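Number of protein chains: 2
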Amino acid sequence: MKKFYFIVLLLLIGTSTTFSQTTAPADSMVYVCPPCNGSCDQLQFDKPGVCPHCGMALVKMSLSDFKKLLAAKPITIAFYLQDGVEVLDFAGPMEVFITAGFNVITVSKTYKPIRSKTVLFITPDYTIADAPKSDILVVFGGPTQPTIDDPEVMAWLKAQISSDKYVMSVCTGAFILGKTGILDNLTATTFHTAIGDLAKAYPKTKVLANTRFVDNGTVITTAGISAGIDGALHLVEKLRGRPYAKSVAETIEYDKWVPDNGLIVKTN
Amino acid sequence: MKKFYFIVLLLLIGTSTTFSQTTAPADSMVYVCPPCNGSCDQLQFDKPGVCPHCGMALVKMSLSDFKKLLAAKPITIAFYLQDGVEVLDFAGPMEVFITAGFNVITVSKTYKPIRSKTVLFITPDYTIADAPKSDILVVFGGPTQPTIDDPEVMAWLKAQISSDKYVMSVCTGAFILGKTGILDNLTATTFHTAIGDLAKAYPKTKVLANTRFVDNGTVITTAGISAGIDGALHLVEKLRGRPYAKSVAETIEYDKWVPDNGLIVKTN
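Chains B and R, in that order, are what the protein sequence lines are.
Just so we're aligned: the first sequence equals residues 1 to 268 in UniProt numbering.
Just so we're aligned: the second sequence equals residues 1 to 268 in UniProt numbering.
Warning: the hint list may mix true and false statements.
Just so you know, same-sequence chains aren't split out, so a pair can sit in one copy or run between any two.
[Said to hold, decoys possible] The list that follows gives simulated cross-link-like pairs (lysine-lysine, DSS-like), each with its CA atoms no further than 27 Å apart: (1) Lys200 to Lys47; (2) Lys67 to Lys246; (3) Lys179 to Lys47; (4) Lys179 to Lys133; (5) Lys109 to Lys68; (6) Lys158 to Lys109; (7) Lys266 to Lys158; (8) Lys112 to Lys47; (9) Lys206 to Lys60.
Think of the hints as simulated: they come from the structure by calculation, not from any bench.
Computed from a predicted structure; not experimentally measured.
Isolated chain B, as found in the complex:
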């Protein structure tokens, strides 16, 4: 594998007229390939453009952040996807976390493909029977009642919650988290038309409207659909610092990201 990487590297240096590996100081900006699981994930360039290896547009990053990214302990984030899951609920955070270099896995009850938002036909990477250990669990909106009513899935989710460092819900995914009991005596939010229902369903939880996300330290809930992007960027900031999270926001051109634009009940 290393030999292959070395050959690819030689080919790139040998054939590219636009790119060259940089030897810039640690605080300078470099251009790198977004994670694509190819060996080019580890290359750096001194000019913008398209990766000559995989064809993806390069992203700008400080050399020190890039080195931090390569050296960091891999973080595995499990996305529990139920049938009918709202597409932007999970795809926004997926874009953010993968761009940040995290390892995202999709988990569903079985390997039977699901339809996201009635359209997107997805086969999960794992089922609740064989998913590997994750560091972070995220759940999403769309139809949540079948998940809440499923004792096997709820048992798996509870087991993740008791062992994972961070837990996040997007949109009406908060109803799933609520059922596990993790939101008892915490503050939370959800999709704007479901605020009242969440408060009724889980009376031990203080439910806030007009709040982009609520961070209780290790338990984060976000408002509806596109707010998952903000929740994910906030979690990246907690794990890798604000400059790094800002570079992720710039890469995905979520220009309007406002750090701390939510309720931070507790830092950790």
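Based on these hints, arrange chain R on the given structure of chain B.
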């Protein structure tokens, strides 16, 4: 089917204590179920909450917009998804278009599942050999070179472009559109680090940086990744009017949407 719908309707009216169908005037606001392909897509309620049929959170909409939505000619939008396609590139517009009540289909070269952003395992609805006629074609970023180099796929895309009313690209999907020739003598944009490369690859196209989207009338290109959401909302506005597009933006909680926040070269 109508009998089934009538029975479901009776059950809903008979068992729900929270919801009732509204008889409000046309300019009043109602709560409706987001499209889920169930009969509840046609129901309206007078209070926010969760749909008692499918469990999805209801969305707020004016009664006249809801009637317009039910009566409108279905619009089919083909999403061409290549292997490695950037996840938020397509998922943002998918969320917008489905929320707006459009019929989104996914098309790829073959039925072989693809990996979006190295992770999401997707099986397309159709291939280029059997995809039904669409009204709008949208292409996306991620690795685009294999698509550009594939004469069969490019022939299918060109055929769509010559017959579809609207064409849109998100992010480096502009490189695919450029190859079809449709961007010749037009203004366009793409992912921020690929601006120079697009201009070099397609010298007959005026390529703009720092532009959220460029609308040439029927050909729209957007900036990178999350900018696809803005491009899709702009297209919904062109087809259904600004109040309707605003209600879609509010539903997906893309609060920061600024209509016309791009370059409109030509209206149509």
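Which of the stated hints cannot be reconciled with the structure, identified by number in ascending sequence?
5, 8
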